[in-house]
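*Asks:* Each chain is listed here by its residues.
4 protein chains.
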Amino acid sequence: MAELSKVRTPIILVNFKTYAEATGENAVKLAEMAEKVSIEAGICIGVAPQFVDISTIAKRVSIPVFAQHIDPIGYGSFTGHVLPESVKCAGAVGTLINHSERRLKLADIDAAVTRAREVGLISVVCTNNTPVSASAAALKPDMIAVEPPELIGTGIPVSKAKPEVVTSTVEAVKKINPDVTILCGAGITNGDDVAAAIRLGTEGILVASGIVRAKDPYKVMHEFAEAILRVQQR
Amino acid sequence: MAELSKVRTPIILVNFKTYAEATGENAVKLAEMAEKVSIEAGICIGVAPQFVDISTIAKRVSIPVFAQHIDPIGYGSFTGHVLPESVKCAGAVGTLINHSERRLKLADIDAAVTRAREVGLISVVCTNNTPVSASAAALKPDMIAVEPPELIGTGIPVSKAKPEVVTSTVEAVKKINPDVTILCGAGITNGDDVAAAIRLGTEGILVASGIVRAKDPYKVMHEFAEAILRVQQR
Amino acid sequence: MAELSKVRTPIILVNFKTYAEATGENAVKLAEMAEKVSIEAGICIGVAPQFVDISTIAKRVSIPVFAQHIDPIGYGSFTGHVLPESVKCAGAVGTLINHSERRLKLADIDAAVTRAREVGLISVVCTNNTPVSASAAALKPDMIAVEPPELIGTGIPVSKAKPEVVTSTVEAVKKINPDVTILCGAGITNGDDVAAAIRLGTEGILVASGIVRAKDPYKVMHEFAEAILRVQQR
Amino acid sequence: MAELSKVRTPIILVNFKTYAEATGENAVKLAEMAEKVSIEAGICIGVAPQFVDISTIAKRVSIPVFAQHIDPIGYGSFTGHVLPESVKCAGAVGTLINHSERRLKLADIDAAVTRAREVGLISVVCTNNTPVSASAAALKPDMIAVEPPELIGTGIPVSKAKPEVVTSTVEAVKKINPDVTILCGAGITNGDDVAAAIRLGTEGILVASGIVRAKDPYKVMHEFAEAILRVQQR
Chain A
1 MAELSKVRTP IILVNFKTYA EATGENAVKL AEMAEKVSIE AGICIGVAPQ FVDISTIAKR
61 VSIPVFAQHI DPIGYGSFTG HVLPESVKCA GAVGTLINHS ERRLKLADID AAVTRAREVG
121 LISVVCTNNT PVSASAAALK PDMIAVEPPE LIGTGIPVSK AKPEVVTSTV EAVKKINPDV
181 TILCGAGITN GDDVAAAIRL GTEGILVASG IVRAKDPYKV MHEFAEAILR VQQR
Chain B
1001 MAELSKVRTP IILVNFKTYA EATGENAVKL AEMAEKVSIE AGICIGVAPQ FVDISTIAKR
1061 VSIPVFAQHI DPIGYGSFTG HVLPESVKCA GAVGTLINHS ERRLKLADID AAVTRAREVG
1121 LISVVCTNNT PVSASAAALK PDMIAVEPPE LIGTGIPVSK AKPEVVTSTV EAVKKINPDV
1181 TILCGAGITN GDDVAAAIRL GTEGILVASG IVRAKDPYKV MHEFAEAILR VQQR
Chain C
2001 MAELSKVRTP IILVNFKTYA EATGENAVKL AEMAEKVSIE AGICIGVAPQ FVDISTIAKR
2061 VSIPVFAQHI DPIGYGSFTG HVLPESVKCA GAVGTLINHS ERRLKLADID AAVTRAREVG
2121 LISVVCTNNT PVSASAAALK PDMIAVEPPE LIGTGIPVSK AKPEVVTSTV EAVKKINPDV
2181 TILCGAGITN GDDVAAAIRL GTEGILVASG IVRAKDPYKV MHEFAEAILR VQQR
Chain D
3001 MAELSKVRTP IILVNFKTYA EATGENAVKL AEMAEKVSIE AGICIGVAPQ FVDISTIAKR
3061 VSIPVFAQHI DPIGYGSFTG HVLPESVKCA GAVGTLINHS ERRLKLADID AAVTRAREVG
3121 LISVVCTNNT PVSASAAALK PDMIAVEPPE LIGTGIPVSK AKPEVVTSTV EAVKKINPDV
3181 TILCGAGITN GDDVAAAIRL GTEGILVASG IVRAKDPYKV MHEFAEAILR VQQR
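Protein chains in written order, with the numbering used here: chain A, 1 to 234; chain B, 1001 to 1234; chain C, 2001 to 2234; chain D, 3001 to 3234.
Calculated directly from the structure, the hints in this document are not laboratory data.
One should not assume that every hint holds.
Unchecked claim - Below, a list of computed lysine-lysine pairs in the DSSO-like style, where the Cα atoms sit at most 30 Å apart:
| no. | chain 1 | residue 1 | chain 2 | residue 2 |
| --- | --- | --- | --- | --- |
| 1 | C | Lys2059 | B | Lys1105 |
| 2 | D | Lys3036 | A | Lys140 |
| 3 | A | Lys105 | A | Lys29 |
| 4 | A | Lys140 | D | Lys3175 |
| 5 | C | Lys2140 | B | Lys1175 |
| 6 | C | Lys2059 | D | Lys3140 |
| 7 | B | Lys1140 | C | Lys2059 |
| 8 | A | Lys175 | D | Lys3036 |
| 9 | D | Lys3006 | C | Lys2059 |
| 10 | D | Lys3140 | B | Lys1105 |
| 11 | C | Lys2029 | B | Lys1105 |
| 12 | A | Lys175 | A | Lys29 |
| 13 | A | Lys59 | B | Lys1174 |
| 14 | A | Lys105 | D | Lys3140 |
| 15 | C | Lys2174 | B | Lys1174 |
| 16 | A | Lys59 | B | Lys1036 |
| 17 | D | Lys3006 | A | Lys175 |
| 18 | D | Lys3160 | C | Lys2029 |
| 19 | A | Lys59 | B | Lys1006 |
| 20 | A | Lys36 | B | Lys1059 |
| 21 | C | Lys2140 | A | Lys105 |
| 22 | D | Lys3029 | A | Lys175 |
| 23 | C | Lys2160 | B | Lys1140 |
| 24 | C | Lys2059 | B | Lys1160 |
| 25 | A | Lys174 | D | Lys3036 |
| 26 | C | Lys2029 | B | Lys1174 |
| 27 | B | Lys1036 | A | Lys6 |
| 28 | A | Lys174 | D | Lys3160 |
| 29 | D | Lys3059 | A | Lys105 |
| 30 | D | Lys3174 | A | Lys160 |
| 31 | C | Lys2175 | B | Lys1105 |
| 32 | D | Lys3175 | A | Lys105 |
| 33 | C | Lys2059 | D | Lys3029 |
| 34 | D | Lys3105 | A | Lys105 |
| 35 | C | Lys2059 | B | Lys1175 |
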């Protein structure tokens, strides 16, 4: 069970945002549910709760916990900022960087990726299109998650509505840096969307409302996991 | 002892920033030390740790815990932001807003103060001079902490180097909103600085390095608390 | 005619934004049209073109020209920023500050108002509601323009849809600083809206699409000016 | 002489920032001086004045004029922003993007480069180190100007103090996009620094205080131009 806490691909990474369904005690329950599905299906599922929920969740589950953001700072006078060391110390294994709802300046993405590497956090840089994904790849993050912002939260899956964004991102990123793991996100709500994403060359998905706001998140997570398993078996 | 958790004035509010001495386990120890001094001296001492440390500290101590920042948002799609409800739910009783290291747009300070009020968090708006303090007072926060940024971290106390900033702030703020509690900060390192601040009409201090980075924070907190008691006894 | 260039109240202040109808040569034509109406109707009309159009327009018309924004900076190393001295030198007599499409941090609004005063530019701080207007008043700008952002560009006039925002703003601002000139804006498209704004206690309006994107801006400006004259004659 | 207005490499690009010596009438004089040196030495010299000075300067000189920044926007409701079309229409042939004093979010750099291309402006993306330069190269700008921010304004030339930053940037950028012209900047004050920059593989320099604040800018520009000619003749 120890390796449950390790990040493996393919991965389903669930962004809790600031949804009521994924805040405080609800966040803990959802993380426990994700852990259960992860064990049952044998697929890596990571969760990205709010900062204040990281330590509680990291103590309660053995699946990988991510921060939603870190600041490109170190110890010192940075009131109100998110210190990479603190996030790591609270039990996170990785962090989103530059999510479309928390975009950063280019030099700060570079510095945040560097800081993540220094403290041992897996960096997942979010991007909005192919050129920006290629650009991010040059900064050598561990993962890139491409999400066309116009599809986020719509239920229109990037893997079906804009498959060319996914395939061109995979191609452009791998050309610059073949070591980067590529995820995609936006609008993913069912197993078919997930399977399509994997078939297009990604190694996982970044998902939020599709799971967090689903009527039955447990069922949807299982559906996602099984879709990945089906693609893998081919 | 129950009332220990309540915010009373005069108050010593300790900003942990992202100092190594006040991160993770160090943050818990420092908060426990603050609680000890608060009980021994009978003076209200609040602590403002990093977001990820709030819940752990709030469970371990009964003194008031503040966030260092909240975002002017509600439940929803705000990845990487600090939700007021989460901070409250994690055990904080209040929050700094607009610290000089995390300045906000005017409309966002207004919205953050409103959100703090809605969820039951005490709002402490930080300001950099007298006009900005007056401006903040019009937004009806619970407290205003004036800190000339050029003195922060210098060891040159605002209460001695710029007493006129403190007195003119007290006057300007009270004229616009007599209900606001006024703190001052920047450069405060010993009991005399604290006593001077109280004599100038403030109801407490906002302090960071003066305590966090002191050789003996326990001793310095006692010195601060006793300085307040001496002024009160006159 | 010399006094045409002076800012007098009541004033119609036309924000050119980055509308195609008010960029480059179109901006010059629109400013000349505004000057014509100003002379014919005897009402002060100011124009706020883009930065690059200020000098050309200021040379061609004698009505007051405003910048849309200034940065709170002085001479020095501020690449890509808008220096108050440059704007003044190019012929502007005033500037918008903190427009809802270019919001500033509180400390920067304070610094920008101070800088405007230092170089002799009339400061017009834009605000989004009554508390923020009161807050801005404490910074002692020359004018405050309250514009509920949700009405901007809608054609639903603030003076009719939210008259209480206007009256409470007038009351709150005058209480803090009786010397501030109050304008209102958002959704104003005809003379009735303008008359309503003046009757609610403002001394002018800030308008953009209502004039810039009108089929016949000349006619609309005349309608606005005459509405003001009618209210004044009562 | 017509081709004077065209951007050719090697290029000396002079950033006027908001220096008093390069504002308003001083900016025009400095631009005319740059034009004189450009003609006399036969080297391309571009100038990047403040927004409000672009149109006046572009009318007076035939050398290339650059904006210091553009916003990634189009025609519409963007009060206080810098419209690429306006800058072009005022006579600029190019623009700096992401200068260290005006850093942008990654997605906005991408959008600004795209907008520059759409309106026919040469894009010069400023970067602070090698990974960020590589990252910028993936966005396909026309030029990249690498400037270690810690050296800007110091008089310690990047080409001598950190030659490896320049050579590794040239290598990394060319690998991702061989079509990008590479400039370097920061601390360049004499001909030797310029010659060193060219020898390291750049096609020009971005310079500010080294020329603008020189006692005799005319003489320094000539020295820079001749240093380039000497390197070319070898």
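*Asks:* If a hint holds in the structure, say so; if it does not, say that too.
*Replies:* Results for each hint:
1. Lys2059/C x Lys1105/B: 35 Å, violated
2. Lys3036/D x Lys140/A: 45 Å, violated
3. Lys105/A x Lys29/A: Answer violated: Lys105/A to Lys29/A is near 34 Å, above 30 Å.
4. Lys140/A x Lys3175/D: 15 Å, holds
5. Lys2140/C x Lys1175/B: OK: Lys2140/C and Lys1175/B at ~15 Å, within 30 Å.
6. Lys2059/C x Lys3140/D: Since the Cα atoms of Lys2059/C and Lys3140/D sit roughly 39 Å apart, the hinted pair is violated (cutoff 30 Å).
7. Lys1140/B x Lys2059/C: 45 Å, violated
8. Lys175/A x Lys3036/D: With a Cα-Cα distance of about 46 Å, the restraint between Lys175/A and Lys3036/D is violated, given a limit of 30 Å.
9. Lys3006/D x Lys2059/C: 29 Å, holds
10. Lys3140/D x Lys1105/B: It is violated: about 33 Å lies between the C-alpha atoms, which goes past 30 Å.
11. Lys2029/C x Lys1105/B: Not satisfied, since the Cα-Cα distance of roughly 35 Å exceeds 30 Å.
12. Lys175/A x Lys29/A: 40 Å, violated
13. Lys59/A x Lys1174/B: 46 Å, violated
14. Lys105/A x Lys3140/D: 18 Å, holds
15. Lys2174/C x Lys1174/B: 17 Å, holds
16. Lys59/A x Lys1036/B: 27 Å, holds
17. Lys3006/D x Lys175/A: 34 Å, violated
18. Lys3160/D x Lys2029/C: Violated, at roughly 52 Å.
19. Lys59/A x Lys1006/B: 29 Å, holds
20. Lys36/A x Lys1059/B: Roughly 27 Å separates the two Cα atoms, so the pair holds.
21. Lys2140/C x Lys105/A: 33 Å, violated
22. Lys3029/D x Lys175/A: Given pair Lys3029/D, Lys175/A is violated - Cα atoms ~48 Å apart, limit 30 Å.
23. Lys2160/C x Lys1140/B: With Cα atoms ~28 Å apart, Lys2160/C and Lys1140/B stay inside 30 Å; holds.
24. Lys2059/C x Lys1160/B: 51 Å, violated
25. Lys174/A x Lys3036/D: 48 Å, violated
26. Lys2029/C x Lys1174/B: 50 Å, violated
27. Lys1036/B x Lys6/A: Given that 30 Å is the threshold and the Cα spacing comes to 40 Å, the pair is violated.
28. Lys174/A x Lys3160/D: Roughly 35 Å separates the two Cα atoms, so the pair is violated.
29. Lys3059/D x Lys105/A: 35 Å, violated
30. Lys3174/D x Lys160/A: 35 Å, violated
31. Lys2175/C x Lys1105/B: 23 Å, holds
32. Lys3175/D x Lys105/A: 23 Å, holds
33. Lys2059/C x Lys3029/D: 20 Å, holds
34. Lys3105/D x Lys105/A: Holds, at roughly 4 Å.
35. Lys2059/C x Lys1175/B: Cα-Cα ~45 Å, so violated.
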